[in-house]
Amino acid sequence: MFEARLVEGSLLKKVMESIKDLLNEASWDCSGNGMCLQAMDSSHVALVSLMLKSDGFENYRCDRNLSLGINLASMSKILKCASNDDIITIRADDDADAVTFIFESPKQDRVSDYEMKLMNLDTEHLGIPDTEYACIIKMPSGEFSRICRDLSVLGDSVIICCTKDGVRFSAKGDLGNGNIKLAQSANVDKEDEAVVVDMPAPLSNQVSLSMSEDVPLMVEYKINDKEGDSKGYVRYYLAPKIEDSES
Amino acid sequence: MFEARLVEGSLLKKVMESIKDLLNEASWDCSGNGMCLQAMDSSHVALVSLMLKSDGFENYRCDRNLSLGINLASMSKILKCASNDDIITIRADDDADAVTFIFESPKQDRVSDYEMKLMNLDTEHLGIPDTEYACIIKMPSGEFSRICRDLSVLGDSVIICCTKDGVRFSAKGDLGNGNIKLAQSANVDKEDEAVVVDMPAPLSNQVSLSMSEDVPLMVEYKINDKEGDSKGYVRYYLAPKIEDSES
Amino acid sequence: MFEARLVEGSLLKKVMESIKDLLNEASWDCSGNGMCLQAMDSSHVALVSLMLKSDGFENYRCDRNLSLGINLASMSKILKCASNDDIITIRADDDADAVTFIFESPKQDRVSDYEMKLMNLDTEHLGIPDTEYACIIKMPSGEFSRICRDLSVLGDSVIICCTKDGVRFSAKGDLGNGNIKLAQSANVDKEDEAVVVDMPAPLSNQVSLSMSEDVPLMVEYKINDKEGDSKGYVRYYLAPKIEDSES
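Residue numbers (this note's numbering), protein chains in the order written: chain S, 1420 to 1666; chain A, 1420 to 1666; chain P, 1420 to 1666.
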């Protein structure tokens, strides 16, 4: 029997939103430590690694390690039926071929349950080596999201340059080329102010970019609840692009 | 001469929105009692029955019974040209082949008139038998709208189960199956609170579902003005679906 | 060397929005007086004439007259990368084949630069004769925008009739025909109130329509900053439509 109850159910909705466009299907591995998911996107450019810690749930019971093979588009559709203030419970029997999602309104006057078939997925768990990164950039997630969107107008890849003075994001393409420079101090002190602008439902206010030469960039969003307590993380590992004639 | 003047013109806009996706064209039957419209949708699953009472209008004059054959998509487009705070007047001569809509801004500084050609429609007025329903569910219209939207993710039909404890809406399909249970008390006491959530422009805060075994479900929205006074209703009669192997 | 710095950068974004759907490419002619642009739309119905006065910029330097041939869709995409509160600088060398846009956040913690290739455009500057118009209508730009949108439901041309009592806009088509009448006083006194309704980002609250029989209608929006100071204008000259059997 597996059962996990999350009072701030909107967190699961946001986590789902953050991966559903990248992954079609994935296994949620449930153990005493929590629920985790690891999968390559279909174009094999990004590795998603997601962790929801068991002590981040109000109730968490996992009698036996389970691997739930899930069509993420379907799970996302079902989670959209939960209100933002609903309590979400995930439940599965040990040998189940289905998982049940239960949504309770805060006043318990509306209780919904959705049963979804599980999939048999061949998954190989990739070992992610511990890496000492040369440079770690922490910045408001809204700012990062905006920079990516702005530069995507120019091209489909971005060069991130980290110096002592700050960070520079650059892109080029048919339209022309562009650079966005962030002064270092700004990103450290004023982050909360800047965040308000753009992301409607960020996983967290802060993103960290960890990078070294010739090693995948790690983009990490902490999953925090309203009180700011850590519930886990979503990490994206992005392989560096090999350009033929990059200056 | 027919002339009907509605100070809260937005009501007519909302009524139009509530039927225009279901019906292509229909006759508005105008008499001393008011304006009424009755028509089957093109798939012959739903019967729409709409009533705007003559005493719900500020001025109402109907010298002779009239039947105005109207393309509802066209009428809807024209009504979108009225502001929400406009006063709307509908006017037609007794033998007219056109109807005129007049929109006056509250301060009378902008007056618009739109003339629309009428259609010749063969309409048979269906007698709707008075029915004693076994069960009548009253609930916030926003809640009902949301339940239908949520369950439409799973399938295109819904089973409504009414017991002493409350109501259960169920659907199933390829994705899985789902149930939404509403406790009885909740729907009676807290309706206004719950309504705020989802419907941008409901005809009214309340919907009532009247049902009996093997009889069309009647879904009724009262048309109320800002003061809550009754101006009429929109009723949808939905034939029960005959499932081949429904459990 | 050409360099023009606009502290209220959102003005340039709005100006761009106001022409980009009408024109594909155009020359910005830069001189000591300011930046101006004049071009026919691709269907040769509208002439756009735009002026940004040099003294409307905080810094303005133009060593030699320049003509910057620009793909307006590209420029619009780049300007979308500027925040609404960014300071925008346009810079070009005298013999440059590229123009640079620099966006600075108000606190200088984010500086972006975008370089865009210039185009070689054959442009003939049309002389616009000074015209004494028989009738000039000033009205809230939101009201005008709304009238055009409403009447476009009926047909693709509109007749503007100007009398001592006010203005009448008329259109007709398959759906029927419509007239919108504005009383004269209303448009003079209450303009600010009416404007709020519809235009998300108007160039200015006021539009003026200048017209005479058989002469292009001139639709003028002043470009004003937040303090209401004039920075220039955007004018659209629209050739009157010759109807075959217009009543």
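Worth flagging that the hints you see were computed from the coordinates, not collected in a lab.
There's no promise every hint is true.
The list cannot tell twin chains apart, which means a pair is met if one copy fits it or any two copies do.
[Unchecked claim] Straight-line alpha carbon distances no greater than 27 Å define the calculated DSS-like cross-link-like pairs of lysine-lysine that follow:
id, residue 1, residue 2
1, Lys1472, Lys1536
2, Lys1472, Lys1600
3, Lys1433, Lys1583
4, Lys1439, Lys1645
5, Lys1496, Lys1526
6, Lys1557, Lys1526
Q | Intra- versus inter-copy proximity for lysine 1526 and lysine 1496 (alpha-carbon distance at most 27 Å) | A | Within one copy only: 24 Å inside, 42 Å across.
Q | Intra/inter-copy verdict for lysine 1439 and lysine 1645 if alpha-carbon distance must be at most 27 Å | A | Close inside one copy (23 Å), not across copies (43 Å); limit 27 Å.
Q | Within, between, both or neither, where lysine 1472 and lysine 1600 count as close if Cα-Cα is 27 Å or less | A | Intra 36 Å, inter 30 Å, cutoff 27 Å: neither.
(Q) Within a copy, between copies, both or neither: which one fits lysine 1433 and lysine 1583 at a CA-CA cutoff of 27 Å? (A) Neither. Shortest intra-copy (34 Å) and inter-copy (37 Å) distances fail the 27 Å Cα cut-off.
Q.
As a check of your reading, is lysine 1472 near lysine 1536 (CA-CA no more than 27 Å) within one copy, between copies, both or neither?
A. within (24 Å within a copy, 51 Å between copies)
Q. How would you label the pair lysine 1557, lysine 1526 (within, between, both, or neither) given a Cα cut-off of 27 Å?
A. Classified as between; 19 Å across copies, 39 Å inside a copy.
Taken one by one, the earlier hints fail for this structure at numbers 2, 3, listed in ascending order.
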